[in-house]
Each structure stands twice: as C-alpha cells, then as structure tokens.
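**Student:** Letter by letter, the chains look like this.
2 protein chains.
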Amino acid sequence: MNYKIENTKKIIINKPLKLDCGQTIEDFPIAYETYGKLNEKKNNAILIFHALTGDQFVTGNNPITNKDGWWATAVGSGKAIDTDKYFIICANVLGGCMGSFGPKSINEKKKEPYGLSFPVITIRDMVRAQDALLEHLEIDKLLSVFGGSMGGMQLLQFCALYPEKTFSAVPIASTASHNAQQIALNELARQAIMSDPLWNKGNYYQNNKIPKNGLAVARMAAHITYMSDKGLQEKFGRKLQEKKDYEFTFDADFQIESYLRHQGKVFVERFDANSYLYISRAMDYFDLSKQFKSGLSEAFQNHKTKFLIVSFSSDWLYPTKNSKEIVIALNASGVNVAFAEIKTDRGHDSFLLDEPEFLKTIKGFLDTNFEIFKNEK
Amino acid sequence: MNYKIENTKKIIINKPLKLDCGQTIEDFPIAYETYGKLNEKKNNAILIFHALTGDQFVTGNNPITNKDGWWATAVGSGKAIDTDKYFIICANVLGGCMGSFGPKSINEKKKEPYGLSFPVITIRDMVRAQDALLEHLEIDKLLSVFGGSMGGMQLLQFCALYPEKTFSAVPIASTASHNAQQIALNELARQAIMSDPLWNKGNYYQNNKIPKNGLAVARMAAHITYMSDKGLQEKFGRKLQEKKDYEFTFDADFQIESYLRHQGKVFVERFDANSYLYISRAMDYFDLSKQFKSGLSEAFQNHKTKFLIVSFSSDWLYPTKNSKEIVIALNASGVNVAFAEIKTDRGHDSFLLDEPEFLKTIKGFLDTNFEIFKNEK
Chain A
-11 MNYKIENTKK IIINKPLKLD CGQTIEDFPI AYETYGKLNE KKNNAILIFH
39 ALTGDQFVTG NNPITNKDGW WATAVGSGKA IDTDKYFIIC ANVLGGCMGS
89 FGPKSINEKK KEPYGLSFPV ITIRDMVRAQ DALLEHLEID KLLSVFGGSM
139 GGMQLLQFCA LYPEKTFSAV PIASTASHNA QQIALNELAR QAIMSDPLWN
189 KGNYYQNNKI PKNGLAVARM AAHITYMSDK GLQEKFGRKL QEKKDYEFTF
239 DADFQIESYL RHQGKVFVER FDANSYLYIS RAMDYFDLSK QFKSGLSEAF
289 QNHKTKFLIV SFSSDWLYPT KNSKEIVIAL NASGVNVAFA EIKTDRGHDS
339 FLLDEPEFLK TIKGFLDTNF EIFKNEK
Chain B
-11 MNYKIENTKK IIINKPLKLD CGQTIEDFPI AYETYGKLNE KKNNAILIFH
39 ALTGDQFVTG NNPITNKDGW WATAVGSGKA IDTDKYFIIC ANVLGGCMGS
89 FGPKSINEKK KEPYGLSFPV ITIRDMVRAQ DALLEHLEID KLLSVFGGSM
139 GGMQLLQFCA LYPEKTFSAV PIASTASHNA QQIALNELAR QAIMSDPLWN
189 KGNYYQNNKI PKNGLAVARM AAHITYMSDK GLQEKFGRKL QEKKDYEFTF
239 DADFQIESYL RHQGKVFVER FDANSYLYIS RAMDYFDLSK QFKSGLSEAF
289 QNHKTKFLIV SFSSDWLYPT KNSKEIVIAL NASGVNVAFA EIKTDRGHDS
339 FLLDEPEFLK TIKGFLDTNF EIFKNEK
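Chains as they are written, first to last, in the working numbering: chain A, -11 to 365; chain B, -11 to 365.
The following block holds chain A by itself, in its conformation from the complex (with noise of 0.2 Å):
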C-alpha cells in the first residue's frame, strides 16, 4: 500500500480491553470519522458498523481513494440516512488498516510492525473498541445503528453486549453465524493470501514486497460472491473486451476476466493483507448464538431495541435464510421486529448501491423511530 493516513480522526483508547484470545490491550488507537452534527439532546447519533473491507469513509471523499465514501449511496445530505438530520460515526474495525489498531501498526517495543503477533481478534473485540470510542464522544445512547454484511455481525453482536445503547438497529445483509460455505469462502481468500511467497509469514512491511497477488485473487474470490449469476449475466454475459473474437490466449478476452482483475488491482492498492487475514477469521469466529446458553433468542432476550432486519434476494453470500434467523430468533425474544427482502438482482453487493426501495425502507425506519426517539430523549 502506498498511502498515508493522515486526514482521519483517530483516539487513543486508554483503557485496558481484555481480548476473547485472553490478550488484553491498551493505549491503541481506533480511527474513525463523523459527519454532520451531533444536536443538543444527543438523540441523533448512528453508529454504522462496516464491512470486511470497509473503512470509516462512509461518505463524501475518501482521501485514500480519492474516491466516494463506500456508502455514499445511503449517506449524505438528503440521502437515507441523513446528514443533514443526524449524527453518523464510524470507525475503522480493530484489526483494520486504516489508521485503527491492526497488524500493519507499529509495536513500539520492537520499532516493527506487528505483523503475525498481532492477536487474533473477534467480532467481540471490534464491538467493544467501538464501545470506547462512544464513550469517549460521550454518547450514552444511540438513535440507531446500521451495518452490512460483517456490520450485521458487530451490530447483531453490540446489541446482545449493550441493550440499553441503542434505540434502534438495521442489520442488511448479514448473519449471527458464519456456516460452512462461509467460511470456505474466507478460508480461500486466506490460503490465496498465504500462499504466495511474498507474504512470508506475515512480515512483509519492512520490504515493501507486499503479496499483491495473493490478495488479488483474494479480492477477486470475494468479488465474484458479492455479485449474482444473474447480475453477473446481465452486466458482462460473454462479451469480449475490445476484440471481435476469441485471441486463444490467457489474456482477458471476456469482459467479466478484465474486471475481476481490475477489481483485484485496485484493491492491494489500499488494503492491508494481513488485516485480510485477521478480519476473515474474526467473521469465521463469529456465532452470537455461542455465546448464551439457550441460544440465538436468549441474545436478545427482553431488549426493547426495534430491529428492521433486510436482506436482498439475489444475495448468495449471506441468503436471505441467514436473515430470517434473526428474525426468528427476535421474534422468539419478543423483540419488535420489521423484516424487509428487497427484490433485486445484485446480490450482497445491493446493500452498497443505488436500490430505491431499500433506500426508501431504512429512511422510513429512521426518520419514524427518530421521531419516537426524540419524544423519549
């Protein structure tokens, strides 16, 4: 990677969080990012949770990539969630490379990045760094929180940790446990990232030799499960790129190969190998219903958070069965609960995009539980 992060926020966690490995860590550094503002009653603030490769440029420029915030789409003034009205936060996951503690920081003791020492971390371990972060911008309680695919996995998991720190919830596109194709898929991208001798077992900072292509296959892995057979179809079918015919060679003759390894070069631009790693496991990890004795439904037992649940129909990667779990599960809690399956054909990838009728569910959910909210705080 050859970027710097210098124009983000970033706090100092002071206090000592003892990891799920049995570590316990301090004086590390959480970034993250605000926009709009916060009002007097403290009653409009979000916490949005991001994705695997997510960061906490949700929206406006991402000065990494020069590109728009990864939920520009959702974020913004007059947008969903807006910030016009309320308060958003997010911070970069621990384990993250994006100016959070993570495998690429420096350990000051040996003036090294931490590399493979770097504890193995968990959902867990992310919810509650972002807990400090919250209690260090002085917000006792939440509006709402938001999150997608690994987002779900730390709101489902910060709602069952704090009940009583968020009003409501929307978890898209997500599950409250990996399944064995899950984690294939995870375990994949790991082995492609392992496996190439660049890598070394992690220590690859000093040299600036980073396993690029281990992680663009990786990137492309993930890529190709973001998307939907029928998406997929719709966007490239079999249309070749700039030739008229086949050039029976193994360049990109199909449209599809040239973006997937586009896709797959842009990405080791900004992103952290490692963190890859360390990230992927904390989702394998993750199974909320592990952690209570009678399972998923004891996670939210007697919660009074409002949960709108969504999912996408074309989404392979995290079904819409993986959300009607929760919805069960919130059910069986006598939590209230609204679920949404949003019709689309562009599979996991939908919940970053321009879907109207998944814009317009989340904005009525907000601005109406805004409305409860305010009368209550």
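The set of hints was computed from the structure by calculation and includes no laboratory data.
Remember, predicted model here, so these are calculated numbers, not experimental data.
Don't take each hint at face value.
Unchecked claim - So these bits of chain B aren't anywhere near chain A, every CB distance computed over 12 Å: (1) T(-4); (2) G48; (3) T61; (4) K73; (5) K99; (6) H124; (7) Y150; (8) E152; (9) N195; (10) R269; (11) A326; (12) L340; (13) N363.
Said to hold, decoys possible - Simulated restraints, written as ranges between beta carbons of each label pair: (14) A:E14 <-> B:Q251: 40 to 48 Å; (15) B:L341 <-> A:E359: 55 to 63 Å; (16) B:K55 <-> A:N54: 50 to 58 Å; (17) B:K67 <-> A:N195: 53 to 61 Å; (18) A:K29 <-> B:E230: 49 to 57 Å; (19) B:L341 <-> A:D233: 34 to 42 Å; (20) A:I316 <-> B:E345: 27 to 35 Å; (21) B:K223 <-> A:S282: 23 to 31 Å; (22) B:E28 <-> A:K232: 48 to 56 Å; (23) B:K67 <-> A:G283: 39 to 47 Å; (24) B:T237 <-> A:Q194: 19 to 27 Å; (25) B:E359 <-> A:G283: 53 to 61 Å; (26) B:K55 <-> A:S105: 37 to 45 Å; (27) B:G10 <-> A:K98: 57 to 65 Å.
To be verified - DSS-like, lysine-lysine: derived pairs with alpha carbons at most 30 Å apart: (28) B:K227 <-> A:K309; (29) B:K232 <-> A:K278; (30) A:K218 <-> B:K309; (31) A:K189 <-> B:K189; (32) A:K189 <-> B:K253; (33) B:K278 <-> A:K231; (34) B:K309 <-> A:K232; (35) B:K312 <-> A:K309; (36) B:K331 <-> A:K189; (37) A:K200 <-> B:K253; (38) B:K331 <-> A:K309; (39) B:K30 <-> A:K331; (40) B:K292 <-> B:K362.
We put the beta carbon where it would ideally sit given N, CA and C, even for glycine.
Knowing the structure of chain A, use the given hints to seat chain B on it.
**Tutor:** Relative to chain A, chain B alone:
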C-alpha cells in the same frame, strides 16, 4: 506431479487436426481406456466424456491416484452403466495431462515441454480428437454418449458435429455455454495459478518446481463450487478440527478449512497447472449457439439422437436452468428429449456420487435405448 503415465492405452492420431485457433496438429497421442467388451454387432459401445479434472480412468483402479476411477459409482459390473453388458470408452481430453497431447507433452523439435507454446484448444477440438479415436476403434455408431459438467459440453458438441454417430445421449449437470459467473470462477482459478511465481509463464517442468500453491488455491475455489451451501453445512457446519475451542491462530480450526486444504494438497499431486489453464479456457470459449446462425436449436435440427438431460436441484455451478435451456432448444428442434432434475443437497458433485435416483434414471434410459438400438443395428 510425481507420477508416470504408463498403464494406459494410447493411440497416435496421424490425421492432421485443424484446431479452432487456426493451428494444425498431427501425430499426437490420445490416451484412453476401455471397459467391458465390444459385441459383434458393435451396438453396445458408449463414449464417456470426462470433466475438467477428470481422466480416462472411469472405473476400477486409477493407476495414478491408486484410488477408484472417478465414476466407479455409475460404471462397473452390475452398475447403472454395466460393464458386463456395455463397452465403455473414455479418452483423456486434448490439453489434458494423463497421456493425451497437452502442454506438458514434449515438443520433439525443441526437446522440451510445450508449456504455453501449446495451442489454445476448444471443446470442439477435444471432440474431434475423440472422434478420431472412434475411427481407430472402428466404431461408426455409439449406443450412447455420457458426460457430466465439461463432459456434457463435449457431448453436446459431439452430437452437433456428428448427429449420426450416437443413438442416444445423456448430458448431466452441464451447459451449452458458460455464463459470466462460470467464466469468472474459471478466471479466478487461472489467476490463482498464473499468480504463483513458480508458474513462471508456464515453464516449470524442467526444474520440477511446480506452482503447487496456486494450483491448490484454484482447486479449493473450484471445490467450493462443487458442493451446495446446504451440503457443506450438513457435512461440516461449524465443527472444529480435533480441538475443543478456537485456537486464535490461522491454522485450520474448522473442519471445512482442513478439508479444503487437503483437497488442494492431493490435487496438485495428480494434475498439471498448465492443463488446468488450457482446459478451463476451452470451457469458457464453449458457446454452442455461436456455431449456428439461428442459435442453439439449429445445433440439433432434424437429429434422431434420443436425449436424456439430467440436472441436480442443489447444483449452483451448472444449475437446472442451464439444463432447461438445452431441453428448450432440443424441443424446438423436434428432438426426442427427456429431462430429469434429481432432488439432492449434494450440489454439482452429485453426478459423481452414489445418488440412487440419478443412477436408476440413467440405467433405465440406457437399457431401454439398448433394446431399441439392438433392433436397428
């Protein structure tokens, strides 16, 4: 690969074969196996086309892997495709690595393996080479042709090229054309291989430092697509690999991780990385409708071949809709076609497994057609 191809039949095709890429090859070997006995009337011959990583060792002991042949569930004495009754032929495809002419064959002019100087081949090239084998075996009309996955592509191409050469045909879990997702998955595998520095632009035979890592990742990716979400969950779920709890490392904690790593490891012992590139490329290039002005139905116009199309309900790599497209085209051509979707959770791999309903279906179709064909020939 540390094996030797000795115990297999082989013919040298003397007749020049003009490939789709424009090059002409001649005096090249095709390795094959036969099972059972050709009867006097020569009306009991069946040609089986193998899939991407298959070979000519359909049943009995595979001398390379020392395991059962890849279709021992279906082919053998007393089995659905009964070797006591039928004469079964299977050839290693052109571009393969089990004795047929492929990238690891020696270029006699240069006294070194072809590597990437081997011509890029197509499914049609593979089929034409196998037709030459049939000529050599002096079989003018087959009782039937079978092929699963890429085998089904060869089968469709064979029927389109030589409508008079088979009485019946059974394409299984296949397609008449790769769509964008199918190309993407193959491209992912190719990128995994080509990203491995040991691949060395295809020149890795001499120094015996083969691109094992890349090929293993390619295999893992493919393997995930061969199983269904539900099948993986039933077999592995979140079960841990000989441990009671997470170990907070990047070793294989979950059984599915260990399983995938094993699949990658054993595969690289038997398969050539360049063959993977060439064969997967042929699959992506395959688009039967492209060969005919008015599309797929023209491929079978006025054909007398009796078809049975089989798909598996949980196969997401070559889903039922791919098979239905073939059925629709055959119907539009007025061809005799039966269609069966087998209900199973075992995904694309089902065609290789002991699936009683599937095996019963193909046995019934084959035996019935043998009775009819016997009266004709």
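**Student:** Taking the numbered hints from earlier one at a time, note which ones the structure violates and give those numbers from smallest to largest.
**Tutor:** When the structure is compared with the hints, numbers 10, 36, 39 turn out to be violated.
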